[in-house]
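Q: The chain contents come next:
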Amino acid sequence: MKVVLCCAGGFSTTMLMDSMKATVKNSAKLNEADFSFIAIPVDLLQSEVENCDVLVIGPQIAHKLDYIKPIIDPYKIPYVIVDQDTYGKMDGATVMKQALIARRKADMAK
Amino acid sequence: MFNAFESFMTKYLTPLANKMDKQIHLSAVKKSMVALTPLLIVGSFCLIPEAIPNMIGESNPISVWILNNLDIIYMPYNVGMALMSVYVTAIIAYHLANSYKQDIPGSISMALISYLMIAYQTKEGGGIDTTFFGPKGLFAAMFASIIAVELFRWCKSKNFTIKMPESVPDFVSRSFEMIPISVIVIGFFLIVRVVCLNVFNTMPPLIFTNLLAPLVGSMDNPLAYIFLRMLQCLLFFFGIHPSVLSPITSPISTSFLAENVAAAQQGLALPHFYTPGPESAFGNFTGTGVTFGLVFWCLLSKNKALKQVGRVALIPALFGINEPILFGAPIVLNPVFFIPYVIFGGLIGSFGALAMHFGIMEKAIYQPPYVGVFLEGYLTNLDYMSIVVNAAQMIASILVWYPFFKIYEKRYGQNEANKETKSVISDEDAALLDDLDLDF
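In order, the protein sequences belong to chains A and B. Letter 67 of the first sequence, counting from 1, is numbered 353 in the numbering used here, and no numbers are missing. Letter 378 of the second sequence, counting from 1, is numbered 1096 in the numbering used here, and no numbers are missing.
Hints listed in this document are in silico derivations from the structure and should not be mistaken for laboratory results. It cannot be assumed that every hint is accurate.
[What the hints assert, rightly or not] Pairs of lysine-lysine residues, derived as DSS-like cross-links and limited to a Cα-Cα distance of at most 25 angstroms, are as follows:
#: 1; chain 1: B; residue 1: K737; chain 2: A; residue 2: K355
#: 2; chain 1: A; residue 1: K362; chain 2: B; residue 2: K740
#: 3; chain 1: B; residue 1: K874; chain 2: B; residue 2: K1025
[Unchecked claim] Taking CB as the label site, the calculated pair distances span:
#: 4; chain 1: B; residue 1: Y1088; chain 2: A; residue 2: A392; range: 34 to 42 angstroms
#: 5; chain 1: A; residue 1: Y361; chain 2: B; residue 2: P932; range: 43 to 51 angstroms
#: 6; chain 1: A; residue 1: Y361; chain 2: B; residue 2: L734; range: 46 to 54 angstroms
[Said to hold, decoys possible] Quick partial rundown of chain A residues pointing at chain B, CB under 7 angstroms, derived from the structure:
#: 7; residue: K307
#: 8; residue: K311
#: 9; residue: S313
#: 10; residue: A319
#: 11; residue: P345
#: 12; residue: H349
Note that beta-carbon positions come from the ideal geometry of N, C-alpha and C, so glycine has one too.
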């Protein structure tokens, strides 16, 4: 499963990504090899959108959803907008849960 | 009061920010500035070797070699940063063509020829005069690139093209399609040039320079600069990343940097304080709005939750990233923190620009990568005063945040007691989560 995280510059989501990676690594039920993560500035989304399974959006660019949707909708990619509280705590476990739920919902809708 | 203000701002500010982000021309300009970064970094490094003979004397072999080979040493600067407008033209055309799903090679060549048409001039005695290929031609480059691609699109929509039979290979028919478009685009810019030269008696890029002089020149003014810093904090206070402003601000700061480097190369005084390196090192010291003070007090707080926020935020803050404290404390939409963040954050963020303006600190000719606070500031101008200025910012930030933090800490403690923890995952989703059977 390829998780793409995006914010304005790709810096702060890198921290969130590291936390999510650690969550996967510490989990006995999730296999590290099944997941790949990438953190990018939202302007580069177009070039990373292929093979993306779930998109994680930082709260500081939530207003850009109108820009993001036309890019991901053709691929039917589910997305999670991280709430400010979770983002501030850099709580990778919660975001990982949200990402998995979003993916599961998309799979069920198919 | 605050609620009314908040709803007013979210009603007008957010849609505006959103519009600016979606605007494809602004977005192409912004991307072109980002794409220039490597040229700027390498270009400003070219200035370093020439300073070495001044430090170690001119008679030793290293200095002699440097002085004899300045042509080669300055090569990357002379063909990169000094010709930045040419690159900008091509990059903007690429991004525009890409968003219009329009022929990219055709768009780029149309943009370049249009730009050269208005910026090209010859020196007395022959040879190309590159004056307007550098920062002085930047606005002309944006204009030419955008207009050329738009004309291209207009011609396509009006079907001013030559249709070839189906059997002709695609790449051949494409170049024929380009002929009427080229005539229209090139003709238009030829007219622009002739009108500018004969009616206004000036080169086209100078018209842009004069038109935009009030806007560009205002960024040499400390008060306008403080206003810009406060505006950036205000945006972030409402949770919008201030990079929405960069299509307007980054061409100015980038051309200022190029002008500083050109001045340094000629041994002149540096003209501008508003350049990208110090913006990051002083303007956004420990993150937009200099939020180090809040991180500091969170770390010392007796409240466990706030202390944890401080811990998470400390390391990124030392690299100029403050999203964890912005959303963690939170500062965003928190009325208690409006004054220290927007007003004082804007002021403290201006310390570097003010120090440069009043001659306390050297202006910058380098754009260092993110290397962490203090070192980054020093690398912008190689002046020890930068460390003093950064230290002053840090101390001011710690002092300013103290009273506001204490008010907040007290309220936070009270709210915590009667707030039940609410999960961000809804009940419906929680059921799915059970299905997923996770262990964290």
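Q: Against each hint, give a clear statement of whether it holds in the structure.
A: Cross-check of the supplied hints:
The straight-line distance between the Cα atoms of B:K737 and A:K355 is roughly 15 angstroms, inside the 25 angstroms bound, and the hint therefore holds. With a CA separation close to 21 angstroms, the supplied pair A:K362 and B:K740 stays within the 25 angstroms bound. A distance of roughly 60 angstroms separates the Cα atoms of B:K874 and B:K1025; the hinted pair therefore is violated under the 25 angstroms criterion. Between B:Y1088 and A:A392 the C-beta distance comes to about 35 angstroms, which sits within the given range of 34 to 42 angstroms.
Between A:Y361 and B:P932 the C-beta distance comes to about 45 angstroms, which sits within the given range of 43 to 51 angstroms. As the Cβ distance of A:Y361 to B:L734 is approximately 29 angstroms, the hint placing it in 46 to 54 angstroms is violated. The interface hint given for A:K307 is violated, since its Cβ lies 13 angstroms from the closest Cβ of chain B, which is over the 7 angstroms cut-off. Restraint check, A:K311 versus chain B: the minimum CB separation of about 11 angstroms is more than 7 angstroms; hint violated.
Interface restraint check: A:S313 against chain B, minimum CB-CB distance 5 angstroms, threshold 7 angstroms, status holds. The interface hint given for A:A319 is violated, since its Cβ lies 17 angstroms from the closest Cβ of chain B, which is over the 7 angstroms cut-off. For the restraint placing A:P345 at the interface with chain B, the shortest Cβ-Cβ distance is roughly 6 angstroms, inside the 7 angstroms limit, so the hint holds. A distance limit of 7 angstroms between C-beta atoms decides the matter here; for A:H349 the minimum to chain B is near 5 angstroms, and the interface restraint holds.
Hints 3, 6, 7, 8, 10 from the earlier list are contradicted by this structure; the remaining hints agree with it.
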